[in-house]
Amino acid sequence: MTLTLLVAILASMLAGLACTVGLWTRQAPTFPLLVLIASLAVGLGFGLSACASFLSLSLFGAFPHGLIVTDVGLLLLLGIAGFWAFARNAPRAAADAPPAALSPGRLRWLLCCALAITLVCALLTFVLLSLRSPHGAWDAWMIWNLRARFIMRAGSDWRDAFSGLLGALHPDYPLLLPLSVARLWQYLGWESQAAPTAIAMLFTFSTVALAWASLAILRTPSQAALAALLLLGTSALLMHGAFQIADVPLGYFILATLAGLCLKDRLPERGTALLVVTGMTAGLAAWMKNEGWLVLVSVVLARASVLGRTRSWASWRHELRAFVSGLAPVLLVVLYFKFALAPPNDLLSHLGWHETVPRLLEPMRYVEMLQGFEDAVVDLGRAALINPLLVLLFYLVCVGIEPDERDRRGLATGFVTLGLMVNGYGLVYLTTSAALALHMANSAERLLLQLWPSAVFLAFLAACPPERSKG
Amino acid sequence: MMAGYPVRVRIGVLSVILFALLSSGLALVRALDPPPWTIAQDEITRYEARFRLLRSALPPKGVVGYFSEPDLLPRNLDWWKGFCLSEYAVAPLILVDNTTPALVIGNFRSASSERNAADPTLVLVRDFGDGVLLFRHQPR
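These protein sequence lines are chains A and B, in that order. Start counting the first sequence at 0; every next residue gets the next number (numbering that gives the first Met the number 0). Start counting the second sequence at 0; every next residue gets the next number (numbering that gives the first Met the number 0).
Treat the hints as calculated values from the structure; they're not laboratory data. Possibly wrong hints are sitting among the right ones.
As the list claims (entries may be wrong) - Cut-off 30 angstroms, straight-line C-alpha distance, at most; resulting in silico cross-link-like pairs (BS3-like, lysine-lysine): (1) B:Lys80 with A:Lys337; (2) A:Lys337 with B:Lys60; (3) B:Lys60 with B:Lys80.
As the list claims (entries may be wrong) - Selected chain A positions facing chain B (in silico; Cβ < 7 angstroms): (4) Leu76; (5) Ala113; (6) Leu130; (7) Ser132; (8) Ala153; (9) Asp159; (10) Leu228; (11) Ser234; (12) Leu384; (13) Leu388; (14) Leu392; (15) Phe393; (16) Pro402.
The model shown is predicted, which means the values in this text are computed figures rather than measured ones. Quick reminder that beta carbons are idealized off the backbone N, C-alpha and C, glycines included.
The following block holds chain B by itself, in its conformation from the complex (with noise of 0.2 angstroms):
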């Protein structure tokens, strides 16, 4: 195949070579693995698909609070996540991770979850179901 060359230097280009046809095919392969087609939605659209009611009932701008599960640590990697996917849904809406403003979002991961507000003074405004609730304050 590479008459005239020295055998280091061929067994250097044939490996340079099999590795990318290998790795290639290899990434190829797992890609397929299952293939994309067969999973109906990925995760993101799916998390997104939960807050699409919510969205229709927010303003469109402002700072609305957030509050998820008691049991879920704030910055745990759970919680953090479920944070940074509803902010991801609802912006431009700025998402803060407490219960000060006057709309706080309850994200549950379930709609069977614990739903006890953080804070004794919001009422649930609507409930959008898949553990997704807008709460306001009670006036004083």
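So that you can see chain A by itself, here it is in the shape it has in the complex (with noise of 0.2 angstroms):
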């Protein structure tokens, strides 16, 4: 069993693999680019595979080992393109920027033992949690694992899992990963736990090794294990990681959006690939769960807000050409699902003029909200020895904030984009039919640790390196 879900993994990597192809050079790639493109494959994969099971459905309907030749078709589809795009492009120079000297010796070896203890601490936290809950927190098995059990049980009918009659039980949401897990499944041939915990496992990780490598190519090695150790140290991001809660998954999604458009600034040479990846995980965002679109939208004004005031409309417009690329297929099978599948959110059904406008004049929903969202951040830090954020702004304080000069836009995109999410949020907190404050406490501390990756990423990009302070 585990040497075919490691194939049915594999293969979908395989697939990733071949989109961050832009980022190969014809040189072997330095340790943190190859992270960089691992951890990159394990999103764009899953995700992609997921798209092309999605269409398979879709035109062909349900077949024995309908996903799996899917897979197949998709992996030489992409392999191919891969190949012919590797060498008509590929550089024959190093794709990242040389790698900053490595911290002296005594800090470098503290931060590696650190690193080294505290990973393989997370690791057993998460498999130990894991065998306590195969079946993941309420909304995995409510939410996701059921409607992966329709996929995989329902044949033909697959379409079931849609059914307005399920209307409480959310099936309106996206498929990236229902379709993930029953895609492993149809791989093994039954339906084992091991498949969704793998996701998770990879989905989690992946995060931790996606903010270190970007955070080593852009900053410094001390700077990017101190990042994966804060990371690690997250309590609540392993929990939830664990508990196969795909609040997790969107938070790696929001984390390779923002740090690939700032490797792209930092990057210029391999920008256009870069670019077309950060719109496939942007894209893939709105495939994982709804919250996605606000990524989407976030990311678009933010990247057009910042270039408008720093650069000209042209660049944007250019820019925007490679993300739409990368963008639109994803999109179109968003779209497809949403106008095609999807019944009605229950959200947004609610949302009449007549009893939103009073809701947003009412004073004491803003107090409401507000205290809904202090109350997510000490949630946020309950489960860990002192909240991460405290600790974050603690070594903010300590080191100083000194960026880069070709951060700056990457940063201002990305914390423009953390403050439009936030917003969007409050927007969608402040209108909501649903009893607030019993909402929020259901919800309010997933959606923060959506944005907490980024905004470590974002944190240790800010700040200043220890070496450089060194006297």
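Using the hints, put the two chains back together into the complex; each one sits in its own frame.
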């Protein structure tokens, strides 16, 4: 079973790897670039495989081993395209900036040892929590794994998963996760809980790897190690990851999008490839959860506002073209799902003017919302020794802020995106027809967790690396 | 350990390292309490086991009704959890929280619970034990 699962995961990762071909060079990549490519391949691979699986089900219906056949087709298609692109465009030089000088001896060893110990503890914790709750937390089995069961078990009636009769079980939620689980089940031939667990594990640890690799390329290895330590020490991230909550993979896609834009500013020769990948990851955010639409809109608006202030609109249009070429195929799949299959969303369907405007004009709702966010920030650190946000702020106070001039646009895009997203979440809460306090108690912490990896990445990108302050 | 660095930088770096080591260690200790191998089965697997026999008595697809103890109000957390877990167990059948469909599942917290069907036209098809029952509508 383990080997079959590995083959299934490898198949999707290879498809993802083909999409990152624009980052490859004819030289052996540096270790951070290798980790970056591998961690991007996880999300791109699972995301695109789920897109292909959905198209296959929609066009040809369910047939025995249909999702596996689709996988092979996708792999061939992307493999040939990737090989062709590599042969034509791959530069001889290394794609990433020359790695910064490694931190002097003792600090380097201290960070390496701490990272190794923390990583082992995190992996063991993840495995133990997964063994305790193999079906995941409530949302995992009620929404994502339930839908995967429908797709796996219903055969030609797989569309039953989106029946309006299942209204309270959110049948409108997008399908990246359920189709990924169903795909692995089809490889295995049975509904092993190892499948959703493996997906959750890959997304959780790829998030940390992505933050580490991006910062190792953009800043210094010590900054990268400290960011990875902070993320691994965030117990909420590990717990929600192990409980198969979709907010962790969504956080991965937000981070991939923002890190991709920062890397694009620093590596202009690989800029187009990075923008295409960024477009894909932003689209896959919308294929992961409905909040992904907010990610997409926020990123586009943030980038437009930053480039509009600092450079010409022409460069934004140029960027947008590459971004859209990565985004469009994924977005078309998500739009097809939304318009052809998904029933109306429960939050949006209760947003009539007569109900919404009074909610927006009620001052107490604003107070209640702020209280809810405050509680969510506290909850983020409840399982940890100290709230990780406090540790991050303390670190920033200690080392100071000193961003690289070349990262200013990426940083501004990232912070504006996160700001827009928090405001977007706030607007959803203000207009919700559900009891606001209960709604926030059930979801606000998870929403903040979506933003946490990106916030850590941006904070460490802006912070002054320890090496620079050495006398 | 970090000679040559300003004190504030040393404190900053060590605070992140200490936080990560202590938090991940604490998380591991909590995950081991109790060790998962001492727990026979998780809640969802246990719940699903109650439905194993029922699943074989149900059609492969379609819509099935659902009712539970009369004292559990619909949308009460216990009721809702029971309903969702039942749906999870019988998927791809679609479960609806009424007794209109031809077949209706009764899901009670224990075998000895009050099992008066909400609908008098329902007749018991089979009692699968452990509070899981299957009803159908008697022909008019």
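Against the structure, the hints:
With a CA separation close to 27 angstroms, the supplied pair lysine 80 of chain B and lysine 337 of chain A stays within the 30 angstroms bound. At roughly 24 angstroms between alpha-carbon atoms, lysine 337 of chain A and lysine 60 of chain B fall within 30 angstroms of each other, so this suggested pair holds. For the hint linking lysine 60 of chain B to lysine 80 of chain B, the alpha-carbon distance of about 22 angstroms falls within 30 angstroms, and the restraint holds. Residue-level restraint check for leucine 76 of chain A is violated (minimum Cβ-Cβ distance to chain B is 30 angstroms; threshold 7 angstroms).
Against a cut-off of 7 angstroms between C-beta atoms, the interface hint on alanine 113 of chain A holds, since the closest Cβ of chain B lies about 5 angstroms away. Among the interface hints, the one on leucine 130 of chain A holds; its C-beta lies about 4 angstroms from the nearest C-beta in chain B, closer than the 7 angstroms criterion. For serine 132 of chain A, the shortest C-beta to C-beta distance to chain B is roughly 6 angstroms, which falls under 7 angstroms, so the interface hint holds. This hint holds: alanine 153 of chain A has a C-beta 4 angstroms from the nearest C-beta of chain B, less than the 7 angstroms allowed.
Hint on aspartate 159 of chain A holds. Least Cβ distance to chain B is approximately 6 angstroms, under the 7 angstroms limit. Hint on leucine 228 of chain A holds. Least Cβ distance to chain B is approximately 4 angstroms, under the 7 angstroms limit. Interface hint status for serine 234 of chain A: upheld, as the beta-carbon distance to the closest one in chain B is roughly 5 angstroms, under 7 angstroms. Because the beta carbon of leucine 384 of chain A sits about 5 angstroms from the nearest beta carbon in chain B, less than 7 angstroms, this interface hint is met.
At a threshold of 7 angstroms, the smallest CB-CB gap from leucine 388 of chain A to chain B is about 11 angstroms, leaving the interface hint violated. Checking leucine 392 of chain A against chain B: minimum C-beta separation of about 11 angstroms lies over 7 angstroms; hint violated. The restraint placing phenylalanine 393 of chain A at the interface with chain B holds, with a minimum CB-CB distance near 6 angstroms, inside the 7 angstroms limit. The beta carbon of proline 402 of chain A comes no nearer than 17 angstroms to any beta carbon in chain B, farther than 7 angstroms, and the hint placing it at the interface is violated.
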